[in-house]
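K.L.:
Here's the letter readout for the chains.
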Amino acid sequence: EPEVTQTPSHQVTQMGQEVILRCVPISNHLYFYWYRQILGQKVEFLVSFYNNEISEKSEIFDDQFSVERPDGSNFTLKIRSTKLEDSAMYFCASSEAWGGSGNTIYFGEGSWLTVV
Amino acid sequence: AQSVTQLDSHVSVSEGTPVLLRCNYSSSYSPSLFWYVQHPNKGLQLLLKYTSAATLVKGINGFEAEFKKSETSFHLTKPSAHMSDAAEYFCVVSDRGSARQLTFGSGTQLTVLP
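As given, the protein sequences belong to chains Z and S, one line each in that order.
First residue of the first sequence? That's 1 in this note's numbering, and the numbers climb one at a time after it.
First residue of the second sequence? That's 1 in this note's numbering, and the numbers climb one at a time after it.
Treat the hints as calculated values from the structure; they're not laboratory data.
Nothing here was measured: the structure is a model prediction, and the numbers come from that model.
The reader is advised that the hints may include incorrect statements.
[As the list claims (entries may be wrong)] Sample of chain Z residues with no beta-carbon within 10 Å of chain S, all distances over it, derived:
| id | residue |
| --- | --- |
| 1 | Pro8 |
| 2 | Ile20 |
| 3 | Arg22 |
| 4 | Ile26 |
| 5 | Asn52 |
| 6 | Glu56 |
| 7 | Ser66 |
| 8 | Asp71 |
| 9 | Lys78 |
| 10 | Ile79 |
| 11 | Arg80 |
| 12 | Ala93 |
| 13 | Glu109 |
[Said to hold, decoys possible] Below, computed lysine-lysine pairings styled on PhoX-like, alpha-carbon distance capped at 25 Å:
| id | chain 1 | residue 1 | chain 2 | residue 2 |
| --- | --- | --- | --- | --- |
| 14 | Z | Lys42 | Z | Lys78 |
| 15 | Z | Lys42 | S | Lys68 |
| 16 | S | Lys42 | Z | Lys78 |
Idealized CB from N, CA, C, for every residue including glycine.
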């Protein structure tokens with residue numbers, strides 16, 4: 001079964017450093033998403049992406065965050081200057097059609113980011 | 001605005017007994033509802049979804065859920081628990097009024113006792 005793959009599975013970084021989390025969505029999917037889960041809290045929406053631009057973003061997704069689809073297969077999340085509160089599990093997801101209409105969104109296994 | 005409330009943070013059942021994980025939702029529009037499962041060190045896997053067709057939805061691994069509009073509920077059930085069902089379960093709503101994102105419940109940790 002096709003799956004969303006994420007790298008790295010776990011990254012430790014120093015506060016203030018830049019981090020790039022990478023994702024390979026399912027190959028025929030056109031809609032891409034990032035979610036995050038801080039330890040002990042709910043999974044939260046960060047951003048959705050379609051046709052090489054951000055479709056929607058949450059209030060969490062401030063100027064420190066950016067997303068990019070640098071080639072035909074990868075989808076990345078960059079955190080420019082990490083803060084302690086960015087420590088979380090980051091989930092990449094993709095869907096064939098718009099997720100808000102009940103179409104299935106498929107999630108990767110997550111990248112656990114620890115900021116020290 | 002949409003929201004999801006999972007009524008139990010932890011549920012513990014014995015192997016072979018029924019499972020009930022409760023979920024209530026709030027949505028301004030006709031919602032789509034999902035249950036995802038997360039096993040330790042694994043990603044979020046879709047168990048089942050409701051998208052305005054049949055109100056009783058069957059999913060993988062013997063799970064099913066019933067959409068009850070009058071009660072704004074979407075409880076997840078399984079007749080007989082298996083040890084491999086031990087995981088965290090998330091009830092999720094997608095609201096056509098805010099068509100771009102999923103809203104997650106806080107999760108229910110299911111423990112299956114031998």
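K.L.:
Which numbered hints are broken by the structure, listed smallest first?
P.N.:
Per hint list: 6, 12, 13 violated.
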